[in-house]
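First to last, the protein sequences are chains P and H.
If you use the working numbering, the first sequence corresponds to residues 1 to 584, in order.
If you use the working numbering, the second sequence corresponds to residues 1001 to 1741, in order.
No lab work stands behind these hints, which were simulated from the structure alone.
All C-beta atoms in this analysis are idealised placements derived from N, C-alpha and C, irrespective of residue type, glycine included.
Please note: incorrect hints may appear among the correct ones.
[Stated by the list, open to error] Now the stretches of chain P that chain H is said to cover, found in silico as 3 or more residues with beta-carbon under 8 angstroms:
1. 170-181
2. 254-263
3. 411-418
4. 485-496
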Amino acid sequence: MNDGVVFLNQNLFWPVIIVGLVLMAVFVWKEWSQRAEGRFWLKLVAAFLAIVSLMLIVLKPSTYQDSVRGKGIVLTDGYRSSQLDSLKSIYKRIKTEEYSKGRTLSLLTEVDSIFLLGHGLEPFDFWQVENKSVAFLGSDEMEGWIVISRNNEMILGEPLEIRAKYAKPKAGHWAILADNTENPLDSVFFEETNAQMVTLSAEPKASGQFVYHLLEKNGDGEVLSNEPVPIQVKEGRPLKILMVNTFPTFETKYLKNFLTEKGHEVLARIQLTKGKYKFEYFNGASGTIYGFTSENLKDYDLLIIDTDSYTSLGRASKEAMEEISASEGLGIFIQADEGLFRLSERQSPFRFNRDYVTEIALGQPVHTLPKYPYAFQQNLRTQEILMDSVVVAAYLPIQKGKIGTTLLQNTYQLILDGKETLYARIWTKILNTIAREQETAVVWRSLTQIPKLDEPFEFELQTLLTDVEVTTEEGARIPLLQDILIPGKFTGTVYPRKTGWNQLQVANDSISPWFYFVYDDGQLQNIHQSELRNANHQKFGSSSTFDDLKSVSKKELQAITPFWFYLILLLSLGWLWLEPKLSS
Amino acid sequence: MGAASIERFQKRWQQSKYMEALLYAIGFGGLVYLLTHHLIYGVIGFIVSAAIAVFVLRPWSISQENAVSYIDAHLPQAGFSSGLLLSPSNELSDLSKLQQYRVASQLEPILSQLRPPQNLLKATLIMFALILLGLAGRFVFSKVGNSLDGNKSTKEQITFSPKDSLSTSIEIPELTGTKITVRYPSYTGKSALNTSDPNIKAVQGSSIQWNLEFDGDVQGVQLDLMGELIDFAKIDGLYRLTKNLQASGFYSFTFKDSEGNNYVSDLYSLEMVKDEPPMVQIEGLDSYSYFEFDDDKRLMLNANISDDFGIDDAYIIATVSKGSGESVKFREETIRFTKTIPKGNKQMELKQPLDLAALKMDPGDELYFYVEALDQKIPSPNVARSETYFAVIRDTVTDMFAVEGNLGVDLMPDYFRSQRQLIIDTEKLIADKPNISEKDFKFRSNELGFDQKQLRLKYGQFMGDETEMQAAAGAVSHEQGEAEHGTEDGEEDLLDEYSHKHDSENEHNLVEEHDHENERQEEDEDPLHDYLHNHSDPEESTLFEKSLKAKLRDALNIMWDAELHLRLYEPEKSLPFQYDALAIIQEIKNSARIYVHRIGFDPPPIKEENRLSGDVEDITNYDKRQEFEYQKSFASTREAISRLEALIQDKKPFDAMDSALFVDAGNELAQKAISQPLKYIKVLQGLRDLEKAANRSKKNYMEVQKNLLSVLPQMEDVPMKRTRYDSEINLLYLKELGVYE
């Protein structure tokens, strides 16, 4: 658009023109008798002027002009009143408005520069200040829980671990992790510091969806704050395991007993002599396996193989094993013996350094276990498996699968010593890390950290399915936005209708629904505020001055003051009224 | 006559005093009775207070003089002359007589109206005051008492509530009467207990009878004892069940109304108290007492016995051991306490002197004794015994018994008699001959023959007589004979009658009888095989040097003869041979020398043709198949927690499946609850309560869930298959990671 005059009441243009012409015609017709006199022309001019100014009063002509309007203050939760006072003393009669989320700020029509005080605006209200210059001045330092991170989903038997940060803790207070019925599970004592990181852990005792609680109590046991910790506990499924040994060992025997008693499907093959094997089938395992092929390995989740068997694997077998591991995710666990540490790079993917340490301390109370005097060489691929901050094993990823081994020796001694729990813990840790994981068709992730009622909740969905359709509990379909780069990645937004557990489901599939927890307004306030502050910082920066460019380059349509038109109208009408008096 | 009226007045006075005392006493006695609630205390209080009151008031001390002066003071008509009435008229002057007459006539009508000084009103008031006080006191006591066991009384009722939400078309049947009778076992001496409190605690073996009375029509009244349902019997409108208490547990009642609605009661505890075995303690005695042979060999036994319900019997078990080593003999005796033991006492102290001489103990003998006590438990009494005490009479000489002092290994077998023993027994048999039946005699003679054979065989072993040993042991043939006993007619073992199957290896049935093949295999195994360098020729045996061997051979030959005669039931003829054998054996023993046993290993022979051939044709694969039912600990309970969470979140309504699950969970926990009832009763009660429709509220669900979570142990560590999602990006990354390794 050019910089010319624009009528604000453009839609009235033609009616006004017509009415003006009619008025002009009536005037001309009325004065027609005086047409011979010179004053007729004079009157005609005055009448024209009057009518034009009347028309302009109605049509409101306007022009584009650089608008420089005032500054305003937007107050959000947690603003510092001293800051507000000093701003008010600098800018007299500055406009102030309190922000409440979701409502349009009326102040914004009048100002173009905003001081934003407090924790800041909700991200979904940023659009309101899109063309304004904002100085985000922030809020006071916060107190209370500012970060709570945890694993949302776990298998029954795995611990729930919460890492949380508490700002300005008071000495003598406690942080307590309680279960859904507020039975205490773990606790940490606060110290007088600026911010304290606490780690709490507990093992859920049953599967399902629960809301655990993170409590803060003072010395008298009074509950000061109670934050919900929603978790989902799922049942694990038994593994399908293949054990291959050249000769029977106690280590294998006890590991086999441990696994079979826990209901895993185990096929154990132990060599008796050349070409003769002892096959043991547990919990429904079947079939005989001599050489490995991709066909016979495909269904297994875990292969436990001793070093001798591993090194004496034929070329085809080894390739099949590695291929299945790479494509299907088979976990390979090599039972180490002295021979493993001397293998060449071609024979074994593991590299070791001799460390001459033959014992390792684990567990509580501490129990020492014999270990091979080697340590894993650190390299890019080697992933160590830690227990009680001690390396007990390591694995290398082979695409989807993993190949791992342990340095521990004779762990069956633990069982003989009656330390079955420690034994179970060690092997659970190692095998859980290495064994194949069940692939899911859909994985969900919530992008909104703290979902709240009637606020947008953004989620991400990754799937290999084509043609996904997401519905809510109520059956409403949610539109998805596909990622530009990764075709299997989608994002979507829902507005939860109720607090507590909500669910989303892939509509055209029987995949189990995904649950997310919607918090009450009062819950996780501090964390929400600290997130808000971060979001506002990211959006507006942390400088307290205005962006001049933005405020100057802005042009707005402004109506020409009708004052002039009124003046012309008055003068014209005055002349028309006065002229007959003068002439008579 | 005037005197009589004064006397009457005096009597009246005294009576009123007694009355007053009586009133005080009644008041006090009443107070005591009301406070203590015991009539006896009341009577005692009454008597004591009456005595005190009488003693204080002294009604007997009111004399005629007192009466006279009182009358004078209170009746103007008496004219201060009533005393005259008491004096006999003949002792008085005329004037006095006149006065006496006048007074008498004037007093006559009014004296009976004169009231002696008395406090009867006051006494009555005090009596009532005391009784009122007593009533007040009783009221207060009962109030306090009630509040002390107030919660008990609320618990003491069985309450039922419907299991499902009801159609209210019919009245809910109500439990109108509960009577629980606990009959303790008769030996406890406790009387039967009638109660309405369904939480029962009783001694093991008590019989418990529940009598339930309902108004309204009910069916299928059952007792649910931890999953076991027992029906009540209906007798005269009462529901009755009698059960013998044998284990602790929990129970509840269920019944159905006419419309088939289920009702269930709360959970009640059934606690069994075990009848403890008696405690027996012996005091003031060292565990070992030693006596020299010339001491006064007496022990004083002080036994303290106690039991929770009563002792039935107690006695001393004394065992005397004579001799040592091979020839040790035991004799057990039960010694009764001299004092008879009163049955049913809970505690008693018993003293008993033990005379070792009376137990026929000689030097070197030992006495072991302990006190055993039985309680009255039925059917089988609890038996307890004290520690064992020892009394030893020191021997003046000690001899060690050693058969083969010259052998590196003591090869003396356990079960055979020495030659000396045999001689002693043979002599005893000869001495006993007149007194015993012929059959018995022959039996014993044969037995001795067997012993002689055993001894010979054992010595024969040292000679390397293994062939002889095998042939002689004859177990196989004997077994066969036994097996064919019934079929082979006429061919009876002549010895059978006298031998009660001793003549076999397995004499004492120590070894289980095996089938033939095993038997033969076992026999092939010579127990000495590992120790001996055995050549087939006995003469080449290197155990003894030549002369010794010859001697032993002689001894063995003589033993043959000794056995022969014993087998022929001629112990007299056998005896000289036995003496001879003993002499030779002694001789051999005395020629002691050191001998180091040769120990070697003879490997089995190797088949050269198969050696190192690597032929595994005949070896096959070995398959083993096994199934384990893995059930995680407290599976139902854990599921119940999840289910409760779903119920709390209103995800599903309560249905029959839930009910079944909660019952399962309850049964799971009940196993644990038996050992720790206090910790679990709340949880179990909560789970049970969910049976009732009225209790199915969120608050209750949460409460039960909380309790469940608090008692449930941690999950054990189990490797499990987990889920994950591999996006293309991740896979690409992992692939690249492999490539650029």
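Checked hints:
Proximity of the segment 170-181 of chain P to chain H, defined as three or more residues with a beta carbon under 8 angstroms from a beta carbon of that chain, is established by the 3 residues found. Here the segment 254-263 of chain P counts 5 residues with a CB under 8 angstroms from a CB of chain H, which clears the bar of 3, and the coverage holds. Requiring three or more residues with a Cβ within less than 8 angstroms of a Cβ of chain H, the coverage given for the segment 411-418 of chain P is violated, as only 0 such residues are present. Coverage of a stretch by a chain is defined here by at least three residues with a beta carbon nearer than 8 angstroms to that chain's beta carbons; for the segment 485-496 of chain P and chain H the count is 3, and the condition holds.
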